[in-house]
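Trainee: With chain U fixed as given, assemble chain V with the ligands onto it according to the hints.
Letter by letter, the chains look like this.
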Amino acid sequence: MSEETNTTTVTELDPAAVKAEMLKIYPAKTAKKRGKQIILNDPDNPPEIGANTRTVPGIITQRGCTYAGCRGVVMGPIYDLLQITHGPVGCGYYAWQTRRNLVRPPEGTTNYLQYCMNTDMQEDQIVFGGEKKLAQAIREAYAIFKPKAIAILSTCPVGLIGDDVHAVARQMKEELGINVMGFSCEGYKGVSQSAGHHIANNGVFKNIIGLDDKPDEAEFNMNILGEYNIGGDAWEIDTLLRKCGIHVTATLSGDVSYDQVKKCHTVQLNGVMCHRSINYIAEMMEKKFGIPWIKVNFIGAEATAKTLRKIAKFFDSKKLTDRVEEVIAQEMLALRPVREEIKAKHKGKKAALFVGGSRAHHYQDLFRDIGMEIVSAGYEFAHRDDYEGRKVLPTIKVDADSRNIEELHVEADPERFKPSKTPEQIAALEAGGFNFKDYEGMMVEMKKLTLVIDDISHHEMEKLIEIYKPDIIGSGIKDKFVIEKMGVPCKQLHSYDYSGPYAAFGGAINFYREVDRMLTTKVWKFITPPWEKDPQSATPLTHTTKTEAKNETKAWRKPAAADGAEG
Amino acid sequence: MLNGTTAEIKPREALRINPAKTCQPIGAMYAALGINGCMPHSHGSQGCCSYHRSHLTRHFKEPVVATTSSFTEGASVFGGLANMTQALSNIFTIYNPKIVAVHTTCLSEVIGDDIPMMIKKAKEEKIIPDGKYVIHANTPSFVGSHVTGFASMVTGMVKYLAEASGKSEAQLKAEPQLNVIPGYIDPADMRELKRIIKEMGVKTVMFPDTSGVLDLPQDGQYRMFPSGGATIEEIKSSGDSVGTIALGHFASHPAAIELDEKCKVPSALLELPYGLTNTDKFIHALRTHGGVDVPGSIGQERGRLLDAMSDMHQYFHGKRVAIVGDPDHVIALTQFLVELDMKPAYVFTGSSGKHFEQRLTEILGNHAPDAMIKQNVDLFELHQQIKNNPVDLIIGNTYSKYISRVENIPFVRFGFPVLDRMGHRYFPAVGYMGALRLMEKINDALLDHKDRECAEENFELIQ
Ligand code: SF4
Ligand code: SF4
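Quick note, the sequences are listed as chains U and V, same order.
Read in order, the letters of the first sequence correspond to residues 1 to 567 in our numbering.
Read in order, the letters of the second sequence correspond to residues 1 to 463 in our numbering.
Don't read these hints as lab results, they were simulated from the structure.
Since the model is a prediction, treat every value here as computed from it, not as a measurement.
A portion of the hints provided could be inaccurate.
[Said to hold, decoys possible] Calculated pairs, DSS-like style, for lysine-lysine (alpha carbon to alpha carbon, straight line, at most 27 angstroms): (1) V:Lys61 / U:Lys522; (2) V:Lys387 / U:Lys148; (3) V:Lys10 / U:Lys148.
[Unchecked claim] Listing some non-contacts, in silico: residues in chain U with all C-beta distances to chain V over 12 angstroms: (4) Lys206; (5) Leu320; (6) His409; (7) Thr422; (8) Ile426; (9) Glu430; (10) Thr544.
For each residue, glycine too, the CB sits at the ideal point set by N, CA and C.
Just chain V, with the same shape it has in the complex:
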């Protein structure tokens, strides 16, 4: 397995091998599914749309619908206006969504299709029925990654929909509402964030929200537009909120900043609530800006997490870990690993962004000064680095499982995509309870490995 990968690292400038990122539109499609009654639309050739739907379906095991402009050579040469117009006409007639969220592909970006103009024209020609919405995001994959695409679509929601109604500050503060922009996390995580928010008693609008869209119960019925997702009215009202809590520099902060510029809504720019202190910050922000007390039940969840951290500390302490994934995920998770006194050794993301290195240097500074922190890097290089200096644990998406197998290193699946296990579809990783689940997975991986590999005399009943 992977036997073309050698420890010797030859310089590479042009060749990407086993990427740790993918392209923008899949993120935009995922974000769009977090709007209630939304049809994501891929403006380009149908292959991209097919790939993105397939891949999201494999991760969620749920229906993922999206339409495409189905470009062939003609559209590629003469522009995609006719295709877009026909697509919108078909979409509203046949599927009747409340809103269509258009994203571009490399193809429509290269030919320079002007989407706002197309939307405007379709509106004038009544192809978009009254009361229906079409929004868009530009998502060229020769820039950024799937995370950029996600962020751009969330920003697009703000650009097209959010509005300040002009109510006075006193009116807004009378019944204060907070926005939560959750980031590129799973429906189970979004559901957990909402549970915590409810427990806290804060009035919030969360967008996007894919819970109730991509984690549907089996009840014998298919609904193309299920009841979940942030409604258009909710997103509109985000301009009237007293503040925004945005989780993740890469996936969520751009939309929060856009909203600030557009509607003057201030924001708390946090990291994803993985682990203890990032969840603390989230709870603290909800408490302070939502004007509530932290209920005892949340305090108890925190206490149980902390109890596990003290009970199990010895199994985590000092373990060398390779973490690879999306930048927001890796930053927040690394923070948690530091809280557990683990030693991050390789902290990699396939996406680009200096903030990643800057932030992780801060987090790891004193704790693991030798850690290798890299952005815009791939799994091939991670494997080579591991060959040169091994680790005790790999944390990454499903693609990392090949490295785990060939190097016989325990492995925890985390992030996007997970194509071969079921837990992420139902159990959250965010919040205190999510942190417990992450701990359990890490601990199981390490101890299962020890139980399988250790000498018989060291095979112990109790750990």
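Just chain U, with the same shape it has in the complex:
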């Protein structure tokens, strides 16, 4: 796509008509259901969106399962926790090294992300039960690897045949004398990965957090929750915070050890990146240990600066505030020229984002940094609060699918409930406009009448591309090549297409450059072959003499190098 085209703005299209066009082909029941998940935005008063509801059978969806959310997302990156998938071979196999949560464990530590362990359930176990095989698998894993702790992750058949993974966990804990924990994260337990996040949050909270009360020595000490270190994002964030003088005890879950998770309740503050996947732990840690949580976002330069200032404000130290300003100024100095250069080229171009449970929101900031417009966005597995803001939480109906998932009853720990702020300090911060435990969601930051689409279907994506002709789309692996076949570049926002990091200031620079690369690649311009562009344009047949051939390059002079070209 040429650089000049596609500068129409959203308002020129009638989004209601676009929505009608998307729904037109569906059978009535499907249209009714999908209609609730395609919403015309109103940032001042976000309308209710259908979210976290079942995907209609037969609809091509981006979504995965509960197991993927538990094993793949939240548990996977805890690198020295040995994890055994209980089930047939496939589920565990697909979760093996396919998310890019990078880790660098200390020398000598076994990195279990490189291992796919499962019980490879066979027909025998389906018929007679798999608990014995599971127990044996745990024994064998212990004998070979001697891990600190073991987690068991359940797949669909486990629940159906009635294996009790928790009983096996208890038995093995006793037998081996190490922490063994079970997760009932069977794929059918929810409508998407989201249920798995919740189950993992519960398990980590019950079985790991709080096992070690010794805090890291640090003046300003926090956790980053809901950050998975895809392509090294957590390292960017960690480096930036360290520069400011802030220590991160644990990142859940990115490049994190079992021991770090054990003591992560000793911090003063929790910063929540991906609200969807980890808000449960943030809430439970607040209730039990008194740790306040705030929403943070390190995706986008402006967002990162805002987040740093928010953290500094929380810690309420002049030294820290000054340092944060210094760091922001420094980082912005390096970032600004890149951003301006790329903004000048791509301002006004259109992006659409359909992914995950937070990235479709966070990445809007990066595109806005370079003056691009978001024509439509939506999550794959988020809930209404991620769209409309946490203020709608009390009004969300708990349906049959959500009721499946245990809500832990958490109370203040009699000894360890030690809030880092007094209620008065909290009240004072709040009075000054500081938001605790709040997430305003995606919609308030999106333009009026832009289409917000939850769990976008393949068909809707095709229509969207046809009608809006976005210049770039952020999505996942299953859509990527569909989109690119239509001539639109697609950035995978789960795996980053094996590049990154994109978090914090350094990551933002990477992202601007990456978007620039994708929008300026020549490849789309080559699609029409020359004989179709201009049938008369073939190189003509001419007569050439030897002398002419010889003289051809004689007169040529190398152009003088432009000033500073060597620099």
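Mentor: Chain V with the ligands in isolation, oriented as in the chain U frame:
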């Protein structure tokens, strides 16, 4: 890297570590994509479908569409009929495929969903429009592997679609048609088989055929159902063919045998045409049963391969190789390595099947009697064996690259899946030309390693 893996091999009965196989449905989904105008449908919870689509996409870098019955807990308890019915209604209304190929998942298998009954009901209720087809294969992953799933779906094609039209033998022989069942190979391989067949001048029906489906050109257009794939009519007509050439004991022979039982079509049960002699057998079968002569052009391809084998023999001879992968692939490739006078040391597959051991014992018998041949084994054990007795080369799918790196052993990617290189998407490994490509890859891997690791005085310009 992999520093929990030690040379000491402790007995394991229950724990699978770093599998060299995956589950049935992904193979069934891949096979289904080799039918023209087909929507693969995964009957179960949506996670499996998502995993299978993602993984196939990573291997092919192409759109891989499939639908799912999106089970939640209710369907898991009460059965998946309502989900299946709704799915079929949506699929035919929205995507309008010519055919839907249903495979099951562990979930629908455990609850015992009766797919033929569901299809029958949907037909009666006109949810499946007239002239459209729905076929199925049972693919429980607590049995077999992705190869089993592939074979079951190909067999399903025969069961549902192939028919003998009742023409007389004379009529059929007048314009003889052969079936080719290619096995679990890449679109580039299927394209190459078709090129060879065309060059030979034999009339064939090949199914499944994923070329033109999973190796599409970039032309600025997306087509959910591209022009490639074996058409329903072609598969139907396979019952009228004079014979079937089926490539691979595990992935292809079951469908050929099914077709023989159903329509009395005899078959030549061959191995995958990797390397010289397996390709010879394929060409020879095409020639004999297709009633044609081998054209000079094919003879020349064979000659060029043989020339390379003699020119480069010294670099292959005696090299110890670990081969791990899908059984049909490993059997045929091992044969080629023997032709090159390499020494297979570990010949492993994650799938199960006694035929694997039996056949490889035959192939390696005199040539490499010490080779360790194992089925139903994993990459963890392969690594441990290598630690105990190293090799010069590893051939396997992308997952083996960790072993290669940590043990500093040259590595050739081969089979399914390849997630980190591009060649398999465009260049075939089958036939004489494919054998040349395999040779080049092996040779490059060995010599690049030597060039990087050897002492300076042994670093030579010419090899
Ligand atoms: S449940 Fe079965 S079919 Fe689904 S991914 Fe797991 S092993 Fe494969
Ligand atoms: S079987 Fe269940 S847990 Fe496994 S991938 Fe499928 S939906 Fe997920």
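Trainee: Verify that the Cβ of Glu430 of chain U lies farther than 12 angstroms from every Cβ atom of chain V, and report whether the claim holds or is violated.
Mentor: 39 angstroms, holds
Trainee: Is it true that the CA of Lys10 of chain V sits at most 27 angstroms from the CA of Lys148 of chain U?
Mentor: Given pair Lys10 of chain V, Lys148 of chain U holds - Cα atoms ~19 angstroms apart, limit 27 angstroms.
Trainee: Please verify that the nearest CB of chain V lies beyond 12 angstroms from His409 of chain U's CB.
Mentor: 22 angstroms, holds
Trainee: Far enough from chain V: is every CB of that chain over 12 angstroms from the CB of Thr422 of chain U?
Mentor: Since the minimum Cβ distance to chain V is about 45 angstroms, Thr422 of chain U lies beyond 12 angstroms and the statement holds.
Trainee: Please settle this one: Ile426 of chain U was flagged as non-interface, so is its CB more than 12 angstroms from every CB on chain V?
Mentor: Check passes; 40 angstroms lies beyond 12 angstroms.
Trainee: Straight-line Cα separation of Lys387 of chain V and Lys148 of chain U no greater than 27 angstroms?
Mentor: 25 angstroms, holds
Trainee: Hey, does Lys206 of chain U actually stay past 12 angstroms from chain V on C-beta?
Mentor: 22 angstroms, holds
Trainee: Is Leu320 of chain U truly not at the interface, in the sense that its beta carbon sits beyond 12 angstroms from all beta carbons of chain V?
Mentor: Leu320 of chain U clear of chain V: closest Cβ-Cβ about 39 angstroms, beyond 12 angstroms.
Trainee: Check whether the Cα positions of Lys61 of chain V and Lys522 of chain U lie no farther apart than 27 angstroms.
Mentor: Given that 27 angstroms is the threshold and the Cα spacing comes to 19 angstroms, the pair holds.
Trainee: Would you say Thr544 of chain U is clear of chain V, with no C-beta pair closer than or equal to 12 angstroms?
Mentor: 35 angstroms, holds
Going down the numbered hints, you'll see the structure goes against none, and every one checks out.
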